[in-house]
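Chemist: Each chain, written out:
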Amino acid sequence: MTVTSALEQAGLLERDDVLDGLRRALADAAGGRGRMMLIAGEAGVGKTAVVEALCNEPNVRVFKGACDPLITPRPLGPFVDIADDAGGELQTVLESGASAHDIVSALLAETSGRRPAIVVLEDVHWADEATLDALRLLARKVDRAAVLVLVTYRDDELDRSHPLRAVVGELATRSTVDRITLEPLSEDGVAALAGDAKVDADELYRKTGGNPFFVTEVLAAGSGAIPPTICDAVLARAGRLTDGARNLLEAVAIAPPHVEVALLDALAGKDAGTLDECLAAGMLTASSTAVAFRHELTRLSIEEAIEPRRRLALHRRALVALSKPPHGAPDAARLAHHAEAAGDAEAVLRHAPAAAARASALRAHREAAGQYARALRFADSLDPEARARLLERYSDACYLTDRCYDAIAAVEQALDVYRTTGNRSKEGESLSLLSQLQMCPASSVEAEPAGRRAIEVLEQLPPGPALAMAYANLAAIRMNVEDAEGTATWANRAIELSERLDETVPLVHALNSLGVMEFLLHGPDHREKVERSLELARDHGLEVHVLRAYGNMAWAAVRHHAHELAEHYHAEGLAIAAEPDYDLWRLNLLATRSVLELEQGRWDEAAASATLATSDQRSSPLPRILGSVVLGLVRARRGDPSSRPLLDEARELAQPSGELQRIAPASAASAELAWLTGDTGAIDEITAQALSLAVERGAPWLVGRLACWRRRAGLDEPVAIAVPEPHALELAGRPEEAAAAWDRLGCPYDAAIARAGSDAVDALRRAHDDLMELGAHATAAVVARRLRERGVRGIVRGPRASTRANAALLTGRELDVLRLMSEGLSNAVIAERLFLSVRTVHHHVSSILRKLDVARRGEAVAAAHRLALLQDR
Amino acid sequence: METYVILRRGGWRTPEELKEAAARSTAEGDQLPDDIRWIRSYVLSEPDGALGTVCIYQASSPEAIRTHAYRAGLPVDEIVAVADTVVVRPDPTPVAA
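Chains as they are written, first to last, in this note's numbering: chain A, 1 to 873; chain B, 1001 to 1097.
Isolated chain B, as found in the complex (with noise of 0.2 Å):
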């Protein structure tokens, strides 16, 4: 599996439709566990007041990732390939953990 990092951006106008799209992104993800791993994800806050998200994945392929969020109603702006990762810092705490 490669890692790879989904922008969906100003998918969801409010954090409920957000919510349930991660659930359904979550159920989905479940019935391809070979091809999909959701590892984190940034949720952004658009100009337009949406929400959008950055998402890193573990996939074997970019079409697994389409194939994930077309299932799921997930939008995907752009799919770019990790080449190497390099984490100084841990992630902060989740804002609305």
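Just chain A, same shape as in the assembly (with noise of 0.2 Å):
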């Protein structure tokens, strides 16, 4: 058997049933139902051997590509790749560096026809960021096409914060997405392979865990010793090539991902002369335009062992042969690559921008820091300007992929340069922009002495737009900690200045912080001059300036209880938000939409939207603080366990800022759980500070929450400024007529936490059955207590009744299947809605009609109505 023939033999081992699975895959894509299959598993699993396998079925036409594994990876690698092969539209539109969208379009088209296609992209553990993008759009539109998209990727290398794992998760609720994991052979498996060569199979197995890759090596060295890594396994096979293959093997594995082959000779020499020995052993693959490793695992272990001196000139001969490549323009991120392996700092000043700049471009963030920051490793000879404003885009790209430390680092060193340079506007500009990255890690009190030296200094300067951006700056800083007064001064002033200048950004930026300060201390009838803002931004296609406004609209209309006004901030904030680089304005979204669904009483939905806030470990804590409040508080009130550490977390995360939005909250969500516990004598600590400053920034329904909290706690006390209508008639021991007042603003937790306080037994009941309905055991706990203090018997203790099915016995998901059912919906549409498959659906829609005891989708929805089944839970 021949070396290759025994690799292709091991790859299709025991995948009989994964074969099967892509091959239903590929006749439903030949259908016009285009799928995505996620092909998991270790390092020399076998992805690949699967993959090939499929692309061998007659009939088919196969895109292919790859992600690198470059320390900073070529943007848009395997999408490169494919137009290389394939030409035409995507080529074009690849070249003239269009967006993912355009790419992912003109991808489709491509492989639009009458066979189908299979678009196969190898390795996205590696992928960039554009390439994730490009994924995620890909996996959105591949229903209507004839393509059946495999994407390979190595799940053991994905730590929690691998940017894969997100995708892969998004991905997965797809229905038109499946995952496939690859396990290791099995220990018959691995004795099969052996056949009859001279090794001990148990062994073998042991010592390769049934990696296929490993046992094939082994079995291809034919020495019959095992060695103890795949490393030494791949070494010893090559030990036994001719000098001139070794050679070109070490020539091909410092060029990854690949080396055309018109590139071959500049870069091996007359050693290219023993590709066919190298092919003929299985180590190189060669299609009709690039040579490369069979395997990744191969070329890294004979890289890794490549004496220093020799990796030295290949890398330099790299450099020179792929600045000039036989078709296109050379490959910035690759040539920055060599340039830097080779030690030459001049290649890499020259390449290493150009590679981030493009990265930028395509919105690959994460590449452009790499590019930057390999740039910034050779910058000590530039001149000092230049390098301080490497510095600032190395400090963007680090900022737009929430390196908040970083980007700020980067700033001050910036900073230092303009101040030995003399360069006192640079020197004022760089202040500010350093105040403006300082809010995002940590809070508004850190970011002020920054930003009001940035005016001192830009003041001294004549005035211009530095100083009016410089000036908005600070009345977001006064504005995020509620100081109506300092948010004032500071943005009359960049809205003088602005005007006068006809200066547009520092204009609406200083507009949103005035009004949103306006609509906080004064309600949603004083919305004008952030309404204003926003459209002067739309006006002006400034997005995010629209997307802040939106963003401070939304927090601002959840702390007047202002519903509606709400959600549609939400809505509008979030559309826009869906865009990669707006992630922090996302998450901030996401954390003050779980608060509003909290007060709805939507806690399955808040839960949902504060997990999303909070799995995002980002630096900035704004989010997190919420999110943590909102689900500690959900548990809390359900009785599941888990909550205190959040609401500690919160707390403590909270406290340095100086911020009421961040403080409050979480001081009030601390008493609550307190006052849950019977716990009520920690209240007053637990308020004391949140409150006297709610006070001192006159935010009153903030008063009102926490001087709530402390009057259940028994602290009778006067509240030192005028509170709003619900809170007021609690303090005022009016508690069923500020559960009206907040029935009629739609808060029904809180409505109910008011009429607890009454001692009516009737309000009590009323407090105790809507709270179970809201599945807040753990209160209506507290609720039946009194109850039976005032010597009521027989109140349902445990949640069974509410949770317990309703009269039709009906699942909660098949309530689901039924509402959307009611909307006149098909299977298929509900199956995309649920994220189910048709088939499942239709199981549900089956079960339905049995369990309502009628033969047609229509009938069904009649008994739903008769029986009230569609009301919400």
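It is worth saying that the hints were derived from the structure and are not from the lab. Among the hints, a few may not be true.
Unchecked claim - The calculated lysine to aspartate or glutamate pairs, modelled on EDC-like cross-linking and capped at a C-alpha distance of 20 Å, are:
hint, chain 1, residue 1, chain 2, residue 2
1, A, Lys324, A, Asp265
2, A, Lys851, B, Glu1020
3, A, Lys324, A, Asp84
4, B, Lys1019, B, Asp1030
5, A, Lys851, B, Glu1016
6, A, Lys529, A, Asp483
7, A, Lys141, A, Glu832
8, A, Lys851, B, Glu1017
9, A, Lys207, A, Asp232
Using the hints, put the two chains back together into the complex; each one sits in its own frame.
Modeler: Here you go:
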């Protein structure tokens, strides 16, 4: 048996089920219902072998691309590969630097045709951000094309923060996407492969863990000995080749992902002649255009063993060869990689910033930051201000990938440069930028000193847009700490100067802060200024400022319990924030939306929003604080475990910020937990500081909330400022009227809590029922105790009544399906909405018809209305 | 994933009902493989003749347990987090294996 066929055999052993599944998906694709399959497994488990087997099916067209193991990968690398092979529209689109959206459209157009197409994207655990964006889009659009997309990745290399994790999680919820995990070979599989070879099959299985690549490397070396690592096995095999072939392997190994055939001579010289030997040995593979290693593990093993001086020489040669590619422009990312490895500073400074600029244009900010960092490692010889400009661009890329501290450190270095060169205007601008960056990971309190210094420096120069922006920045800082006077002072200066200079951005920014402050203080009737800011931002296409307006108004609307307005602003804001560059705003909006949903009694949704807001470990603490508060409260009220750690963490994070919007919710939530657990004695200390801050800032809703918790803990004290109606009524000892006021605002839980303060048995009973309805079992237990103290017997203790299925004994999932049936939707559409397969929906529908004892969908909907099954749960 | 004990008291009148519930539970659990794993259950013989369960699950959060229960139509009386496991002897052979 040849080495190559042994490899193929190993790759497909014990893969019949997987291949059957893939063939079914291909048949679906051929019928115009495109699919995406995510194929996961450890390195060497045989992902590529499975993909190849499918690509060899008759009558399919194959488009193949792979991500690179470069430290900083080429943006859109796999799509560049595909375009190189396919040419046409896709290549034109890619070379023009178009967006992920255009590229996916061009790819789908390219692949449409009479025969089904397979698009292969290999090794996406190395993917750049732009490729991940394209992958998301592809998953969304694939169902309308005759295309099967096969995506491979190593799932053992995805740590918690790996960007692919979130993408896989998101894709896996789509009904057009399936996940397959390839397991290593079984003991029997390894024994079958070993066949008559002179090795101990048990030992082979134990040492290789059934990894097909490792097993075949050992068998191919043919010595009978089993090396301890894959790397040793590969080197043992390479050791049996001629010197020339080993040289060629090394030359190809330093230039991932592959070496174009046309470059082979330039890179390997006369050793290129040994290509056939390497191919026959099964170490390299060749397509019509390029040569690559059969497996990345082989490449890595060979590369790591190259002697350092030879490595340097090879990279130098690659740098020369790649700067004159056979067609098209040179790839700056690959050049920068070899320039750094060759220690060629001048080449790094030429290629890395170019690669970074291209990555930024494609929104591959992580890769851009990597390239700028590479350039900065070689920037000592640069003119200081040129280095400062690199630092600024690096900072920007870091900020956009949530590396706030790196972004801040880079601007601080740039600031030092401008101080040294005496460039006052750039010094002022950098200070202002520094202050804006400091707001993100920390808080407004920490951002203020730099913001004030920026103004001092810029006020000594002729007034310009930078000064207007610095004023606007300070207004935003004072708005975040809810200092009305400070906000107005700085915003008015910014507005006055912006109007004099006819500058839009600082005007929009300052109007926003000023307007939001008025909205916060006086309620939804005072939105003219922030609405004007929104309109101006929209007219001038300032998307981020449109988003800022929606985000801030959403926050203020929630504060005033203006639910309809809040829903509207959240929807508008989240639609814009779907763009990856606006992650921080998206998380903030999710966090405030979770507060809104909690108030409305939609706790499943609140918990889901809060989980999204906190699961992304961003450096900004605000979404984390609010999300933890909401999730902690949902758990505490339901009597579910793990609420205290969340609420403690929220308070700890909020404390140093000096921002009322963080401190007050965290404090009120901790007070509620103390109340629920009977520890009312702790409430004084928990709320004292937050209350005095809320009084100082003049935030009546927050004062009212905190004052009521103190009153419920038995603290009888006057309240320093006038509070809104529901709080005022409760504090005045009129709990039932307070509850009615909360009901009018659409806050059912707040109403129940107010009612729970009543002495009347009827009010307590109603509070208890409403709390059970909300699923607030722990809170209901507190009320039940009060009822029992008043001699009331026979209160349902557990939650059984409310979680028990409804009259028709439908499950929750069946109710979800029934609700969509009542909208007249087909099974296919219902499947799409609920992320289920059509078959599963069909199954649910049959079950619904049976339980309702009807024969048709229309009758089921009628029965549902008759039995009032579709009222909100 | 954390381990939780879930009390579902008196949820079913007959073994058949319970069996159907178990099938739904498995089907819905398969839809949430990263969020929920059913480990084992003890079926309770309730004083009124009904059946309940004490279930051991691994889950990403208490909310995941509630979502799963809602979709599968299972009651939830209480969710308790497990701090530690002490296994003295293996479980006895299921009565109705």
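Chemist: CA of Lys141 (chain A) to CA of Glu832 (chain A), is that 20 Å or under?
Modeler: holds (13 Å)
Chemist: Starting from Lys851 (chain A), check that the Cα of Glu1017 (chain B) is at most 20 Å away, please.
Modeler: Holds, at roughly 13 Å.
Chemist: Holds or violated: Lys324 (chain A) and Asp265 (chain A), Cα atoms, limit 20 Å.
Modeler: Holds: Lys324 (chain A) and Asp265 (chain A) sit about 13 Å apart, inside 20 Å.
Chemist: Does Glu1016 (chain B) sit within 20 Å of Lys851 (chain A), going by the straight-line distance between their CA atoms?
Modeler: holds (15 Å)
Chemist: Take a quick look at whether Lys1019 (chain B) and Asp1030 (chain B) sit within 20 Å of each other, Cα to Cα.
Modeler: holds (17 Å)
Chemist: Quick one, are Lys851 (chain A) and Glu1020 (chain B) close enough, alpha carbons at most 20 Å?
Modeler: Roughly 13 Å separates the two Cα atoms, so the pair holds.
Chemist: With the threshold set at 20 Å, check whether the alpha-carbon distance from Lys529 (chain A) to Asp483 (chain A) stays at or below it.
Modeler: holds (17 Å)
Chemist: Between Lys324 (chain A) and Asp84 (chain A), is the straight-line Cα distance small enough, at 20 Å or below?
Modeler: Status holds; Cα separation ~16 Å.
Chemist: Is the straight-line distance between the alpha-carbon of Lys207 (chain A) and that of Asp232 (chain A) 20 Å or less?
Modeler: OK: Lys207 (chain A) and Asp232 (chain A) at ~13 Å, within 20 Å.
Against the hints set out earlier in the document, no violation occurs for any number.
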